Each structure stands twice: as C-alpha cells, then as structure tokens.
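Mind docking chain B on chain A? Use the hints.
Below are the chains, spelled out letter by letter.
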Amino acid sequence: NAGVTQTPKFQVLKTGQSMTLQCAQDMNHEYMSWYRQDPGMGLRLIHYSVGAGITDQGEVPNGYNVSRSTTEDFPLRLLSAAPSQTSVYFCASSYRTSGGRIDTQYFGPGTRLTVL
Amino acid sequence: AQSVTQLDSHVSVSEGTPVLLRCNYSSSYSPSLFWYVQHPNKGLQLLLKYTSAATLVKGINGFEAEFKKSETSFHLTKPSAHMSDAAEYFCVVSAPFGGRRALTFGSGTRLQVQP
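Chains as they are written, first to last, in my numbering: chain A, 3 to 118; chain B, 152 to 266.
In case anyone wonders, no lab produced these hints; they're calculated from the structure. Among the hints, a few may not be true.
Claimed, not checked - Derived contacts from chain B toward chain A, CB cut-off under 8 Å, selection only: (1) 194; (2) 195; (3) 246; (4) 248; (5) 253.
Treat the numbers as computed from the prediction; the structure is a model and nothing was measured. Don't be surprised by glycine CBs; every beta carbon is placed ideally from N, CA and C.
Same shape as in the complex, but just chain A (with noise of 0.2 Å):
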C-alpha cells in the first residue's frame, strides 16, 4: 500500500494563480480531510468528506474548494491564490467506526506552499 501521497511536495505562486493540490488513497477509506498547519497554530481543518460525492466545510474553508469523484481522490484547488495561504498542506484518510467517530488518521508528507 501507498498509504496517503500527495503531490506535488513543494509549489510557489504568484497571488491570484490558481492550483490543485492532489491527495490520493489506496485503503478505501471513506474518510478524508484536509487540513492546514500554520506556525503556532497547529492544524486547521479546510475542507472534509465522509464518502465519494459528499463534501463538507472545515473551519478555515475561505479560498478553497474540493471535491470527491471517486473514493480514492480527494483534490484540493486553490482559488485565487493570496499570501495569507502560504502554509503547508495536509491530506488525511481514515475510517470512521460503527458509532460515528472517525478512527486513526493516515496522512500524507504534505505540500509546503508559498505565495508571493
């Protein structure tokens, strides 16, 4: 298994470019997240997905949208790029239990972004 892998690991932007970040997963898991990790701040949840066609807002959505065709992708797209999202990205999948909680998270080695 591949785990959790993310592309591309490195990306600079000029403000107002557009980009995706991929995020793919070969454990059929049903759910995947991303999140976003700031100095100080931890990590942030941006967008999630409990299955294919089912997608959801996180707590720091704005400028970000996602969506989920298959079960395995999960991509990120970046709207119009600003300098406040310079960060790094994470991708996570994992499965949720019989009651509802979302169990061990898998991640990915992350996208270190920056946008000039």
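Same frame as chain A, now just chain B:
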C-alpha cells in the same frame, strides 16, 4: 463540545531521561483519544490511541499513555528518551458524531532531546 489542551508548548529532556507530555481534554461524550507524532518536514503518524478499552495504552517506540477520566487527562510518557524522539506531538480527541468538530487537535508540544 470538546477541547484539548496541551499544557506545554516545548519540553526539553536529556537523552536517557523520562519524557512526560501533558494533555487535558474536555468532552461531553466518552472520548476516543489519540497521540500523533510529527517529525520535521513529515506528516503526522499515530503513536497510540485510547478507545474505551484498557486505560493504559501502549504505543510505538516505547511510548505509553494513561487515560484518567477523573482528571480528564491523557498524558504521554516514555521511560527513556532517545535522540530520535525529537519531534512535535499532538493530542487529539474524537467525538462520536460527524461534522467539522468531529476531531479536535491540541496545539502541539515540541520535544527537544539533548545529548
């Protein structure tokens, strides 16, 4: 509602000495609790988890944590620190419902290990 407080943002120990990283939580439900480790420039990796079975949970690399309901704590310990333990550690609580608040992350504790 739920919350997680990691009581120390930085902890420094000497190699071979014990490690204690503190985590307090609050939850309206019986929580599941996790500790994750993040090495520099890497993603997070599960160290251990508590899911209402044994209150003393053993994880990878010699770490363990004890769930204490009366103290609402889930502190992470290791008897003897190794240089490779230097990393950031996150305590996480999982609630029994979905939505954007299904998981709550602590702000992290950076562990430094001195030779």
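Quick rundown of the hints versus the structure:
Evaluation of the residue 194 of chain B hint against chain A yields a held restraint, the C-beta minimum of about 4 Å falling below 8 Å. Interface hint status for residue 195 of chain B: upheld, as the beta-carbon distance to the closest one in chain A is roughly 4 Å, under 8 Å. Hint status for residue 246 of chain B relative to chain A: holds, with the closest Cβ pair at about 7 Å, below 8 Å. The closest approach between the C-beta of residue 248 of chain B and any C-beta of chain A is roughly 6 Å, which is under the 8 Å cut-off, so the hint is satisfied.
Here the hint on residue 253 of chain B is kept, as its CB sits about 5 Å from the closest CB of chain A, short of 8 Å.
The structure shown violates none of the earlier numbered hints.
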